[in-house]
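Residue numbers (the working numbering), protein chains in the order written: chain H, 35 to 183; chain U, 2 to 330; chain A, 24 to 523.
It is possible that some hints are incorrect.
To be verified - Think about it this way: if two alpha-carbon atoms lie no more than 25 Å apart in a straight line, the pair counts; the simulated SDA-like pairs of lysine to any residue are:
1) A:K126 to A:E378
2) A:K125 to H:E98
3) U:K329 to U:M67
4) H:K108 to A:L450
5) U:K225 to A:E378
6) H:K125 to U:L48
7) U:K278 to U:K248
8) U:K281 to U:G297
9) H:K108 to A:Y439
10) A:K453 to H:S66
11) U:K151 to H:I82
12) A:K275 to A:S316
13) U:K225 to U:N306
Hints in this document: simulated from the structure, not taken from any laboratory.
One-letter residues, chain by chain:
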Amino acid sequence: MKLAADRLLGIVLIGLAAFVAVQAMQLEVPFSYDPVGPRAFPLGLAIILAVLSCVLIVKPGSNETWPGRQLGMKLLLVLATLLVYALLFTKLGFIITSLLAVTSLSRIFGASWGKALLTGGLMAVVSYFLFTHALGISLPSGYWVEPLL
Amino acid sequence: MKINKGLSTYASMLMLAGGILAASGVQAQSDATECIAPAKPGGGYDLTCRLAANGLEKTGTIDKPMAVSYMPGGIGAVAYNHVNGVRDDDPNLIVAASTGAAVNLALGKFGEYDADDVRWLGALGVDYGAIVVNADAPWQSLDELMEDLKDNPGDIAFGAGGTVGSQDWMKAALTAKAADLSPRKLKYVSFEGGGEALAALLGNHIQVFTGDLSELQSQLESGKIRVLASLSEERMSGPYADIPTAKEQGYDVQWPIWRGYYMGPNVSDEAYQKWVKRMKALSESQKFAELREDRGLFPMSRFGNEFNDYVLEQVDQFESLAKEVGLKQ
Amino acid sequence: MFDFLIHGFDVALSPLNIGLAVLGALLGTLFGSLPGIGPINGIAILMPLAYTLGLPAESALILLAAIYTGAEYGGRMSSILLNVPGDAGAVMTTLDGHPLAKKGLAGPALGLSAISSFVGATIAIIGLTLFAPLLAEVAVMFGPAEFFALMVFAFASMSVMMGKDPIKTAIGAVLGVLIGTVGVDSSTGVLRYTFDLPELYDGIDFVVMIIGLFAISEILLMLEHANRKDGNDGLPPLGRVFVSLKEVVACKWTMGRSGLIGFIIGILPGTGASVAGAVAYTTEKRLSDKDNSFGTGNMRGLAAPEAANNASAAGSFVPMLTLGIPGSGTTAVLLGALMLYNITPGPMMFSERPEVAGGLIASLYIGNIVLLALNLPLAGVFARVLTIPRWVLVPGIAILAFVGVFQLHSNLAAIYLMLIIGIFGYLLRKLGFSLAPVILGYVLGGLMEQNLRRALSISGGDLGILWQSGISLGLWIAAFALLVLPWLLPKLLQAKTRKA
Chain H
35 MKLAADRLLG
45 IVLIGLAAFV
55 AVQAMQLEVP
65 FSYDPVGPRA
75 FPLGLAIILA
85 VLSCVLIVKP
95 GSNETWPGRQ
105 LGMKLLLVLA
115 TLLVYALLFT
125 KLGFIITSLL
135 AVTSLSRIFG
145 ASWGKALLTG
155 GLMAVVSYFL
165 FTHALGISLP
175 SGYWVEPLL
Chain U
2 MKINKGLSTY
12 ASMLMLAGGI
22 LAASGVQAQS
32 DATECIAPAK
42 PGGGYDLTCR
52 LAANGLEKTG
62 TIDKPMAVSY
72 MPGGIGAVAY
82 NHVNGVRDDD
92 PNLIVAASTG
102 AAVNLALGKF
112 GEYDADDVRW
122 LGALGVDYGA
132 IVVNADAPWQ
142 SLDELMEDLK
152 DNPGDIAFGA
162 GGTVGSQDWM
172 KAALTAKAAD
182 LSPRKLKYVS
192 FEGGGEALAA
202 LLGNHIQVFT
212 GDLSELQSQL
222 ESGKIRVLAS
232 LSEERMSGPY
242 ADIPTAKEQG
252 YDVQWPIWRG
262 YYMGPNVSDE
272 AYQKWVKRMK
282 ALSESQKFAE
292 LREDRGLFPM
302 SRFGNEFNDY
312 VLEQVDQFES
322 LAKEVGLKQ
Chain A
24 MFDFLIHGFD
34 VALSPLNIGL
44 AVLGALLGTL
54 FGSLPGIGPI
64 NGIAILMPLA
74 YTLGLPAESA
84 LILLAAIYTG
94 AEYGGRMSSI
104 LLNVPGDAGA
114 VMTTLDGHPL
124 AKKGLAGPAL
134 GLSAISSFVG
144 ATIAIIGLTL
154 FAPLLAEVAV
164 MFGPAEFFAL
174 MVFAFASMSV
184 MMGKDPIKTA
194 IGAVLGVLIG
204 TVGVDSSTGV
214 LRYTFDLPEL
224 YDGIDFVVMI
234 IGLFAISEIL
244 LMLEHANRKD
254 GNDGLPPLGR
264 VFVSLKEVVA
274 CKWTMGRSGL
284 IGFIIGILPG
294 TGASVAGAVA
304 YTTEKRLSDK
314 DNSFGTGNMR
324 GLAAPEAANN
334 ASAAGSFVPM
344 LTLGIPGSGT
354 TAVLLGALML
364 YNITPGPMMF
374 SERPEVAGGL
384 IASLYIGNIV
394 LLALNLPLAG
404 VFARVLTIPR
414 WVLVPGIAIL
424 AFVGVFQLHS
434 NLAAIYLMLI
444 IGIFGYLLRK
454 LGFSLAPVIL
464 GYVLGGLMEQ
474 NLRRALSISG
484 GDLGILWQSG
494 ISLGLWIAAF
504 ALLVLPWLLP
514 KLLQAKTRKA
């Protein structure tokens, strides 16, 4: 298992190197004042990457242990929370989405519902005013909040 | 509001800072105005937005301060797409633009949209290109440089703060053309920004720097550089009075770098004309003249349809130059 | 000769200006400690305010310079406490700073980094005062060929970081360089690896990169720690609060050397605090890491990048004040601020506007003293961040990451990119990669490529230009020595002993 991860990585990286090289070859350069041009550097990198990956496949190193199924689900849950946070960030505004995201993250990291909701509410409102009023950063407020201010 | 229409596919990719999007829904009622600087804070577009924001506020043309937000990406391409796709009819939004944006439009670097896809509003100031050499350089006039360039194009390295095809490069390319030299035969080195190119000139790593007049003031005072020509229609005043234009030296190269604004394609005529009036009034006020001068810009007053035509014509010119040198098919 | 400085202290020591320096130091620390919100944003946001308030030029500049130095101090806090660099210069600070915090030495680490910052900045400010005009001449001697040689040297000096897994270090650096190639090629204007997405035209932004790579992956790793079955939840103990005099004294040469390195790199236009931190760290590892403890919480490994990044911040004022050429993004914004006040920096500034030039330098001295005075006693308070339970800390990091990226891009695409890079960073860390080589590759690779191509377009393809000047030749020899000596030296010594 340990060895497999690095070998798999090596194969993926060789694929990446090939992709980088093909993309570089396909660049259309109208004209270039320098003799090197925009292709050479990525091509060179692709070659180095491919060689290093081969070494990695032959001599794999050590990895950390991978998360089990239960932890894996939690990790996906965190990522899903962050993705939803991003998707709704501008639509619902900073306060609502932050409330949702913070509450959800708080829950995943072991807080009770009460604590999580309290953290979410406080953090969303306090940070909104801190950023917008104290630091002058403009954040999405959401349609609904504007009339209340 | 009307924004919803555009919030389809493009919105998911290009959606603007929430504050802006959300605020724009409300702005329609409260007339809170906004200027998008299509770059990171601190650059030329930031300056362009602040010029309008400070000017309009100081002269009392608008009662609420104008918000300035940043939308970097593709030298303005991200903002251009955003205004066309999402906030195409926002009557309170202006976006900063410059000659550089016109060059990119000509090269088709703004994606699917063309120069006539927005409503060009007007320009509040202008800077001019300049041909600069080190004070120790052998050339005393543009003519001497041009003669030398014709004979030994390989010995004279031009440098500026932009890529091939950028507005900084255009200055060098047009200069070469004026010497009957193909821009492709030129020796040109692109730097990250005018400051680095200027440093390379001071260190004699390049021989000619095609920069902008406003960034040269301190160097002029120190006497470390010599400006062979300004790429303006006529001589400038103040510290630049001694600099001859390229035209008066017999080379017809002009390069104004205007700093202006555009609005969404579906903004109503009424809203557009209101902004044109605001800008016109602003450009005529004495207070504004001081603001503009503080930012090292020269006066330029083209507004409304006149400006729109000016930009479109400019884009056409750049396009034919780009085709000529093979930058564009 | 130093009239301008005496005049400057006169100006800077007025009650209003001292107040502004303290205010700026506080605000700067706050801006710097928030990931993604660095000195550039702080200055860009406050500049219009200073202008609208009608502050005189020297006062406005003192405020802005204090924000700048403050942000350099603030940037280290999240590096040490959360393993998330607050700004570009603080990337190397994570390497030993965070392990120290994990050992329960967060307080001493914060204290030591404040002192190192102070020492580094002081060295640089003294250098700035004494030699500014002279150094400006040196700075312009660096052309593309010299910069290329400098980058070769920087990569060579990274070889010391190879550690136990040299292949992965090298792969990490290559991946970093590759990420740096995304966007408009700054020479030909050709788009590389942008896939027709305008959001990628400008390349992958540094802030998006470090927030994704460090902050997002850290959140995911924290989840794993929180779910460990063996009872070790990874929460660091909170040990003693203050750094001991002995620890500071042990780092005195580290601070001195690193401050000097940082200052020299800082005066070169175009290279910044991140390069300074990297070169100082690797130099120090080479010189004083006897027991191979760099990267596991060595005080010197913390002091080196901290002294260097603050020194480089002050060093970047040299080209700005003497040539009117910004040495960094932040000084570019400061230059804009000066223009608003109708002051054009340059050699004439010291004679024509001594109150501004002197006031600025004096305010750098004062700002640093204020910051040291603020930071030392507060180290214990800041260290308490570590005692915040994860269910509060993690959402907090998430909010900061989102706000940091969003305020810079006004654009959701940047946030998605940050999340993708975060997953990438998590995978790398699980696979046993260190993140520092990735970041260094990303920073140095682009500079290396562009300067090589600039040099060769100047010479018309003649490679000779790359080692023509004394500076570049020296850098090549140094780079070569760095790569070969560690391997050659033991063999030579062995041969000698055998002969004897």
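Hints, one by one, checked against the model:
no., hint, result
1, A:K126 to A:E378, "violated (47 Å)"
2, A:K125 to H:E98, "holds (18 Å)"
3, U:K329 to U:M67, "violated (38 Å)"
4, H:K108 to A:L450, "holds (16 Å)"
5, U:K225 to A:E378, "holds (24 Å)"
6, H:K125 to U:L48, "violated (29 Å)"
7, U:K278 to U:K248, "violated (34 Å)"
8, U:K281 to U:G297, "holds (20 Å)"
9, H:K108 to A:Y439, "holds (20 Å)"
10, A:K453 to H:S66, "violated (41 Å)"
11, U:K151 to H:I82, "violated (43 Å)"
12, A:K275 to A:S316, "holds (18 Å)"
13, U:K225 to U:N306, "violated (43 Å)"
In summary, the structure is inconsistent with hints 1, 3, 6, 7, 10, 11, 13 from the numbered list given earlier, while agreeing with the others.
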